[in-house]
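Visitor: This is what each chain is made of:
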Amino acid sequence: MGLEEKLPSGFLLTTVEQASGWVRKSSVFPATFGLACCAIEMMTTGAGRYDLARFGMEVFRGSPRQADLMIVAGRVSQKMAPVLRQVYDQMPNPKWVISMGVCASSGGMFNNYAIVQGVDHIVPVDIYLPGCPPRPEMLMDAILKLHQKIQGSKLGVNAEEAAREAEEAALKALPTIEMKGLLR
Amino acid sequence: MSDEQQSGNNVPSPRDDTGEVIGVRKGMFGANNGGDTSGYGGLVRTVTLPGASARPYGGPGGVFDEIADELEGALEEQGIAPGNALVKTVVDRGEITFHVAREHLVQVARTLRDDPALRFELCTGVSGVHFPGDKGRELHAVYHLRSLTHGRLIRLEVSAPDADPHVPSLVAVYPTNDWHERETYDFFGLIFDGHPALTRIMMPDDWQGFPQRKDYPLGGIPVEYKGAQIPAPDQRRSYS
Amino acid sequence: MSAPHETPHATARATTEGTVYTVTGGDWDEVVQSAAKADDERIVVNMGPQHPSTHGVLRLILEIEGETVTEARCGIGYLHTGIEKNLEFRNWTQGTTFVTRMDYLTSFFNETAYCLGVEKLLGIEDDIPDRATLLRVLLMELNRLSSHLVCIATGGMELGATTIMIYGFRDRELILDAYELITGLRMNHAFIRPGGLAQDLPPGAVDHLRELVRTLRKNLPEYDKLATGNPIFKARMQDVGYLDLAGCMALGATGPILRSAGLPHDLRRSDPYCGYETFEFDVPTADSCDSYGRFLIRLEEMRQSLRIVEQCLDRLEPGPVMVADKKIAWPAQLALGPDGLGNSLDHIKNIMGTSMEALIHHFKLVTEGFRVPPGQAYAAVESPKGELGAHVVSDGGTRPYRVHFRDPSFTNLQAMAAMCEGGQVADVIVAVASIDPVMGGVDR
Chain A
0 MGLEEKLPSG
10 FLLTTVEQAS
20 GWVRKSSVFP
30 ATFGLACCAI
40 EMMTTGAGRY
50 DLARFGMEVF
60 RGSPRQADLM
70 IVAGRVSQKM
80 APVLRQVYDQ
90 MPNPKWVISM
100 GVCASSGGMF
110 NNYAIVQGVD
120 HIVPVDIYLP
130 GCPPRPEMLM
140 DAILKLHQKI
150 QGSKLGVNAE
160 EAAREAEEAA
170 LKALPTIEMK
180 GLLR
Chain B
0 MSDEQQSGNN
10 VPSPRDDTGE
20 VIGVRKGMFG
30 ANNGGDTSGY
40 GGLVRTVTLP
50 GASARPYGGP
60 GGVFDEIADE
70 LEGALEEQGI
80 APGNALVKTV
90 VDRGEITFHV
100 AREHLVQVAR
110 TLRDDPALRF
120 ELCTGVSGVH
130 FPGDKGRELH
140 AVYHLRSLTH
150 GRLIRLEVSA
160 PDADPHVPSL
170 VAVYPTNDWH
180 ERETYDFFGL
190 IFDGHPALTR
200 IMMPDDWQGF
210 PQRKDYPLGG
220 IPVEYKGAQI
230 PAPDQRRSYS
Chain C
0 MSAPHETPHA
10 TARATTEGTV
20 YTVTGGDWDE
30 VVQSAAKADD
40 ERIVVNMGPQ
50 HPSTHGVLRL
60 ILEIEGETVT
70 EARCGIGYLH
80 TGIEKNLEFR
90 NWTQGTTFVT
100 RMDYLTSFFN
110 ETAYCLGVEK
120 LLGIEDDIPD
130 RATLLRVLLM
140 ELNRLSSHLV
150 CIATGGMELG
160 ATTIMIYGFR
170 DRELILDAYE
180 LITGLRMNHA
190 FIRPGGLAQD
200 LPPGAVDHLR
210 ELVRTLRKNL
220 PEYDKLATGN
230 PIFKARMQDV
240 GYLDLAGCMA
250 LGATGPILRS
260 AGLPHDLRRS
270 DPYCGYETFE
280 FDVPTADSCD
290 SYGRFLIRLE
300 EMRQSLRIVE
310 QCLDRLEPGP
320 VMVADKKIAW
330 PAQLALGPDG
340 LGNSLDHIKN
350 IMGTSMEALI
360 HHFKLVTEGF
370 RVPPGQAYAA
380 VESPKGELGA
390 HVVSDGGTRP
400 YRVHFRDPSF
410 TNLQAMAAMC
420 EGGQVADVIV
430 AVASIDPVMG
440 GVDR
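Residue numbers (numbering that gives the first Met the number 0), protein chains in the order written: chain A, 0 to 183; chain B, 0 to 239; chain C, 0 to 443.
Do not rely on the hints blindly, as some may be mistaken.
Interface residues of chain B toward chain A, partial, derived using beta-carbon atoms under 7 Å [stated by the list, open to error]:
id, residue
1, I190
2, P203
3, G218
4, G219
5, E223
6, K225
7, I229
8, P230
9, A231
According to the in silico footprint, chain B covers these stretches of chain A (three or more CB under 8 Å from chain B) [as the list claims (entries may be wrong)]:
id, segment
10, 109-123
11, 143-153
Just so you know, these hints were derived from the structure itself, not from any lab.
Using N, Cα and C, we set each Cβ at its ideal position, and we do this for glycine too.
Could you put the whole structure together from the sequences, leaning on the hints where they help?
Guide: Rendered as structure tokens:
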């Protein structure tokens with residue numbers, strides 16, 4: 000926990016928030032968490048044509064202790080779930096999770112005994128990325144959206160306030176089945 | 000058409016029984032719990048697998064007869080009556096299947112591997128099939144053997160009842176079956192006697208049940224949409 | 000369901016709280032004594048299931064004395080997806096969408112093996128149009144290239160040679176562009192269907208493929224220049240991951256591993272399918288039984304695949320790509336809509352406006368699918384990793400009764416222990432990379 004988390008709310012904190020957000024989003028270190036087909040597309044994104052280096056994150060860290068972004072790329076089996084949680088727990092704060100592909104997001108077409116029906120049962124997810132597998136462009140779009148989110152992230156007392164608001168909003172949110180409108 | 004072609008691929012070998020019944024289908028549109036207004040509700044069809052074939056077995060250039068002759072001869076030399084070891088032989092869709100009595104499986108496999116005229120060096124593993132409707136022989140283990148020397152492919156099939164799910168292990172003959180047998184045990188609960196370390200391989204060690212048996216549910220969850228819920232694939236109505 | 004398998008060391012008894020398992024592990028004194036006797040250098044290292052150089056979620060358990068691996072074991076199942084079970088709840092045509100995701104680097108091989116099995120059950124092997132078979136061969140050979148490229152690329156990366164990785168993915172992208180043009184998808188195509196193909200080639204595809212072959216012919220020698228004679232590369236690969244012919248046969252290893260032991264066994268030659276007997280190509284072998292030999296075989300196979308692709312392109316003639324039997328063939332050719340693939344407007348006009356019978360037929364075939372006579376069939380193809388077999392069982396219904404894939408990665412991975420024990424820790428990476436296991440295929 001750094002000094003920045005102890006700052007009083009107000010002008011100083013918001014200024015530090017902007018600076019730290021900018022720094023954090025500019026050098027995200029993803030952990031290599033390739034599981035299935037999506038992992039190949041994730042590697043493709045890191046390779047020549049799509050060149051993730053343009054966004055300052057071409058270096059995938061083998062050790063979760065050196066990473067702050069986990070891209071869950073592929074289907075998570077019941078056997079892999081505890082491992083995934085352990086890897087997530089080993090990552091230092093602040094950390095983010097992209098659920099890449101439909102299998103990681105919701106179980107997808109593998110609605111069966113072996114697959115965890117959405118990685119959000121195990122770890123909190125920041126960005127859900129649809130597709131089977133998503134194209135590298137889609138992964139980059141998800142990463143850029145995450146960058147925006149990181150830029151806007153709060154610190155200290157503001158972070159506590161933001162967490163409280165998020166929780167209240169989540170508690171008030173309507174379950175999907177009670178929603179009206181088109182079936183989608 | 001030459002005589003060789005006549006006796007070869009084109010003429011299916013005659014069958015001397017009707018095959019084993021593995022199930023009965025009722026109705027047509029999967030409306031099983033009443034309310035079938037389609038008019039097909041009373042339809043009953045039995046499902047039978049292809050039955051035993053009689054000689055000649057045919058195959059490309061009569062190769063199936065050759066394999067069967069060699070195998071029966073080799074078994075007789077070892078003092079095993081071929082009729083006891085080979086329960087039946089099915090030729091279907093250009094493939095030959097030897098149904099082997101499980102107590103003779105290892106001997107038959109060893110003979111198939113070692114006999115110079117047979118030489119099935121490569122086993123492509125075991126595939127389990129669960130037929131709950133095939134009473135007394137619910138669990139089938141299917142092996143495909145390939146001969147690189149002669150360029151042939153045959154299938155061995157062994158069955159075991161659900162009450163006594165034991166089949167001898169082929170690891171001593173084909174070490175490649177190590178993982179394959181563990182996988183079949185993991186999914187079907189078929190116990191391969193004599194396997195060096197028969198443990199779960201795919202599922203976590205503490206998993207309950209054998210997931211690919213027909214009496215194990217698919218285990219999906221209902222999917223929620225706006226104002227509607229779609230049941231898991233195995234809970235939906237299906238065509239019977 | 001039968002009772003769980005019980006052993007003397009693990010017993011189960013039912014209580015009011017649920018089943019209680021008691022597990023014992025032999026005599027404690029013996030365990031302590033053997034631990035005291037052991038060398039201090041002896042440690043057990045757990046690699047994975049999340050490790051950057053294990054080719055996916057593979058878990059390696061290595062017992063190490065100093066730098067030497069004395070025992071090596073694999074833990075698999077971390078990507079078990081239950082695809083074989085899922086297939087039993089979808090109709091025969093939908094099955095291709097599942098099998099294509101098994102070994103996701105060799106999608107077209109999975110689809111072809113499955114479709115050959117279904118076609119054998121249906122008894123329509125001889126009715127598949129020539130154009131469909133040729134296109135299957137073409138797609139499979141392109142797939143062999145892209146799979147080998149990933150093997151070489153990731154294998155190089157695991158050795159620390161990042162350049163090879165960048166090169167491999169560069170060339171794979173070119174092939175993926177061709178896939179996208181033909182099937183609409185970069186991966187997981189579900190393009191090969193029982194009875195033929197989902198779609199004919201789009202306009203301009205043949206020219207695109209010829210251009211692709213030209214580019215790849217130019218690019219492939221770069222791997223030779225970069226790696227084949229490279230002293231570091233050779234030092235890392237030669238005599239590493241040794242498995243001779245007897246070991247291959249016993250462990251059932253096929254594909255480049257078997258061919259690196261000198262046996263030119265290739266199903267395309269020894270048990271031809273899809274008309275491979277009419278193509279001219281060589282089956283490369285090596286006699287070194289090691290990782291370097293497998294690397295050279297993969298390079299040569301890519302060149303041979305290009306030859307086959309060229310022959311396919313020369314022989315392509317216009318014609319149908321689906322069996323004529325309307326009880327099996329999908330009722331409509333898809334058309335290219337503004338949002339990618341879509342229904343053909345002409346067909347919709349026909350079934351909605353003019354022909355009630357056509358509408359019924361379309362509805363039945365799409366929702367119910369076709370029935371396959373009871374029986375079982377085994378179809379095998381030579382995938383980039385070895386013999387890929389599909390054991391397909393039908394009970395006469397509209398859905399597969401059981402589909403089992405004999406995946407070459409699964410079988411070949413068993414050879415890991417034989418290749419690694421007695422070697423150095425660093426050589427384990429090279430040996431596993433030379434097996435080229437894809438966990439999607441291993442665990443399914």
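Visitor: Determine for every hint whether it applies to the structure shown.
Guide: Going through the hints against the structure:
no.: 1; hint: I190; verdict: 21 Å, violated
no.: 2; hint: P203; verdict: 5 Å, holds
no.: 3; hint: G218; verdict: 3 Å, holds
no.: 4; hint: G219; verdict: 4 Å, holds
no.: 5; hint: E223; verdict: 5 Å, holds
no.: 6; hint: K225; verdict: 4 Å, holds
no.: 7; hint: I229; verdict: 10 Å, violated
no.: 8; hint: P230; verdict: 10 Å, violated
no.: 9; hint: A231; verdict: 6 Å, holds
no.: 10; hint: 109-123; verdict: holds (count 5)
no.: 11; hint: 143-153; verdict: violated (count 0)
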